[in-house]
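Visitor: Taken in order, these protein sequences are the chains called W and G.
According to the numbering used here, numbering within the first sequence proceeds without interruption in unit steps and concludes at 1347.
According to the numbering used here, numbering within the second sequence proceeds without interruption in unit steps and concludes at 1347.
Hints may be right or wrong, so weigh each one.
[Said to hold, decoys possible] Far from chain G, some chain W residues (derived; all Cβ distances over 12 angstroms):
no., residue
1, T924
2, Y929
3, M974
4, A1009
5, A1088
6, I1107
7, S1131
8, V1230
9, R1251
10, P1274
11, Q1293
12, R1326
[Said to hold, decoys possible] Straight-line distance between alpha carbons at most 20 angstroms, and here's what the computed PhoX-like set of lysine-lysine pairs gives:
no., chain 1, residue 1, chain 2, residue 2
13, W, K1128, W, K1035
14, G, K1269, W, K1269
15, W, K917, G, K1050
16, G, K1269, G, K958
17, W, K1199, G, K1050
18, G, K917, W, K1056
19, W, K1198, W, K957
20, W, K927, G, K1282
21, G, K1056, W, K917
Everything labelled a hint here was simulated from the structure, so no lab data went into it.
Beta carbons: idealized from backbone N, C-alpha and C, even for Gly.
Here is how the chains run, residue by residue.
There are 2 protein chains.
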Amino acid sequence: MLRKIFDYYLTESKCYTNLEFLTTKIESRLSGSPGATKAVAWAKKAMYEAGADTVYLQPCMVPHWVRGAKEKCFSIDPKTKQKTEYAVCALGGSVATPKVGSQANVIEVKSFDELDKLGEEKIKGKIVFYNVFFDQKNLSTGKSYGETVNYRWEGPSRAAKYGAIATIVRSMSSANNNFPHTGSMGYDSTISKIKTPCCAISFSGADKLAEQLKKNPSLIINLKMSCQKLLDEPSFNVVGEIKGSTKANEIILTGGHLDAWDNGQGAHDDGSGVVQSIEVLAMFKKMGIKPKHTIRAVAFMNEENGGAGGKAYFEDVKMKKLKHIVALESDAGGFSPRGIAVDTAMNAFKTVSSWKPLLDPYFLQYIRKGGHGADIEYLQGIGVPLIGFEPDGQKYFDYHHTADDTFDKINKRELELSAGVIGSIIYLIDTKGW
Amino acid sequence: MLRKIFDYYLTESKCYTNLEFLTTKIESRLSGSPGATKAVAWAKKAMYEAGADTVYLQPCMVPHWVRGAKEKCFSIDPKTKQKTEYAVCALGGSVATPKVGSQANVIEVKSFDELDKLGEEKIKGKIVFYNVFFDQKNLSTGKSYGETVNYRWEGPSRAAKYGAIATIVRSMSSANNNFPHTGSMGYDSTISKIKTPCCAISFSGADKLAEQLKKNPSLIINLKMSCQKLLDEPSFNVVGEIKGSTKANEIILTGGHLDAWDNGQGAHDDGSGVVQSIEVLAMFKKMGIKPKHTIRAVAFMNEENGGAGGKAYFEDVKMKKLKHIVALESDAGGFSPRGIAVDTAMNAFKTVSSWKPLLDPYFLQYIRKGGHGADIEYLQGIGVPLIGFEPDGQKYFDYHHTADDTFDKINKRELELSAGVIGSIIYLIDTKGW
């Protein structure tokens, strides 16, 4: 049966063409944007076309942050007046700079410890430059991301606490190129009441800035950003389902998130997860398999900057006392299959692990404990077993949150093979249960 | 120790910058070309820089085939006179067309069986179009390649036997795009004494031609190619070695091939294998590990259209009665690690298999029996265990033998991780023996 499923995925599935449409025919789809609205309508249509019995739009209020004009950042050598430009992008949630830019000397730090040691005396009135490296030694690029992402999230408030006027963060990037990586930050009023502008600088830009600062510590940076937070907007998760034949009140969820950062096409993050989820519905319908359980594909809204969709889904589940027997999320790119992470009590883990030999020929190298997507995390609180799909991750943080996360970076066979692994797992859970 | 090896590969190794130089600073390096001569000189230098004690140039005579001016192929509708162009490239070894082109009606066939059934009556004076599909259902793209490659190799002579004046072969391509895939063909005088021009047509070109033929079977094709076979040229394998400390007369070989098709940069095929092999020498030297056995990195010449390098290496081994305890080849692209194929007596296979848990964290999913690179194949005849390195292969036949096999398709971490697996295997064999 799995062989038939993979034949379907490698020859008939629509996930590649669906992804092409979502990423290239609809404009960028950050929460609250016109693109996000169109993406919701598209996902609804795509789920019906895949064969869903019903498609719900599940409301949630989402933040609406806009980047504004393209950010500008340059350094000036106060002696020679030489100007050097840098590729930067505002962090999601950042306030704007003044129209003339935030202009000040720069202080480079390698850690929060170093920041704390420098303190107000050295930092006040300056721009803090967190130049913290993405560790290339980790085999899991996600680990390197996890080790550095707090400089993006909390760095601005921590710098503001000591009087910094703006923050520049080295991109959490595995690739040495000139694409800056955006991503969410949060102003933490328990650290500082002052909201200062903050941006990410590209890998090569960070190296260049560090080199300039070594030569000339009195270098001045000017950063111009016009981003702003508008009023929250109503938006939706898109939930498509095929009713179960014998256990309709037990739900198997497979999801990804529909929103994506505004600078790229969100092809790997997370258009891939969305089309793979929709394809699970199509697999059941087009292969003529009647699922026992209700199969739900969910395109979550607002994973990137708020998580409103995941919360709304959870609230609905609690209110309606819905029973989920498993929730799977694919939010790590559209690459070749590699593994799955199962976050649940021992029994279900053992059951899933026993399927490893079945999936081994389809490039599922490992089944491990732990890990899952952010949108389904809330369901853990009510005891739902969670699965995170983990494709080969070496390139994910080359593209993640950049203008380079585009459809041409997706390989059709890789996307389909991973979709096939997801489809197979859902099929196995439906057929064999936990 | 393996962890240290991977730290080295992910932070200090030069395989990525070496590959950049080989593929972007040296022109195309098909056997007999000026680029191949430069590549030999570069490989010698790179091996010394990696820390080889000695670097030999091992002579071999190679064929010298040149493509000439860019090939042209168009169809003409005899009624409407409408012209349609197609992306084609001469197959390596093909003769040229007349200057005005080979022009005739086209006959599409899907198999040699179909060709034989049509016979001379239907084929004489026409251009045969082998439109045989690359099977997307196979999990191993190499298998799909293997199933179709004989239409490229033997197709021209088989068509000539029935009087065809030229042959067009559908590219052995996993990707639906407009790049034609070249590759070797062979005129077989036992099938036909007549050498006719032959080319590959791109995936989308083949679809377009088939569609046109369906509408209008009397379509005429004009194919212009000016390729020619010049006199054989002297060339070289490049052999770099680090002498073993206790078993200097036992050789561990790790290799790839230096020549590449002239239409692209040969980044995946097989610049990757060459730089990964050279990096094994660097690993021992820079990590200060003294190997027990003699470690040889070999950059073979002429794998693509003759195999003269592999043969010359083998003749030298026989003449000098050299003892090889293993030969590994990496010739399947510079992608993430996936597996190795071991072709040897049971004992050594068991030994290698016992290392699987050590290499599992570094993304080596499987160790299987069988398979190896073409350059080391001759060594099997004298009982040398062979290993073929098998990275994730989903994209390999997107790029294989095309203008699209360029350095920008290489991901640094993926190349390094696979190089690290190769280095680790060589280290384990040297340390633990068979």
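Visitor: Confirm or reject the statement that W:Q1293 sits farther than 12 angstroms, beta carbon to beta carbon, from all of chain G.
Guide: 26 angstroms, holds
Visitor: Taking 20 angstroms as the top limit, are the C-alpha atoms of G:K1269 and G:K958 close enough?
Guide: 34 angstroms, violated
Visitor: Does W:K917 sit within 20 angstroms of G:K1056, going by the straight-line distance between their CA atoms?
Guide: 18 angstroms, holds
Visitor: For W:T924, is the shortest CB-to-CB distance to chain G above 12 angstroms, so the non-interface label stands?
Guide: Check fails; 6 angstroms does not lie beyond 12 angstroms.
Visitor: Does W:K1199 pair with G:K1050 here, judged by a C-alpha cut-off of 20 angstroms?
Guide: 17 angstroms, holds
Visitor: Could you grab the alpha-carbon distance between W:K1198 and W:K957 and see if it respects the 20 angstroms cut-off?
Guide: At roughly 16 angstroms apart (the allowed maximum being 20 angstroms), W:K957 and W:K1198 satisfy the hint.
Visitor: Over 12 angstroms from every CB of chain G: does W:S1131 meet that, or does the non-interface label fail?
Guide: 32 angstroms, holds
Visitor: Is W:I1107 truly not at the interface, in the sense that its beta carbon sits beyond 12 angstroms from all beta carbons of chain G?
Guide: For W:I1107, whose nearest Cβ neighbour in chain G is about 38 angstroms away, the distance exceeds 12 angstroms, so it holds.
Visitor: If we take the beta carbon of W:P1274, is the closest beta carbon in chain G still more than 12 angstroms away?
Guide: 6 angstroms, violated
Visitor: Checking one constraint from the list: CA of G:K1269 to CA of W:K1269, max 20 angstroms. Satisfied?
Guide: 16 angstroms, holds
Visitor: Would you say W:V1230 is clear of chain G, with no C-beta pair closer than or equal to 12 angstroms?
Guide: 36 angstroms, holds
Visitor: Beyond 12 angstroms from every chain G Cβ: check whether that's true for W:A1088.
Guide: 7 angstroms, violated
Figure legend: structure checked against the earlier numbered hints; hints not met, in rising order: 1, 2, 5, 9, 10, 12, 16, 20.
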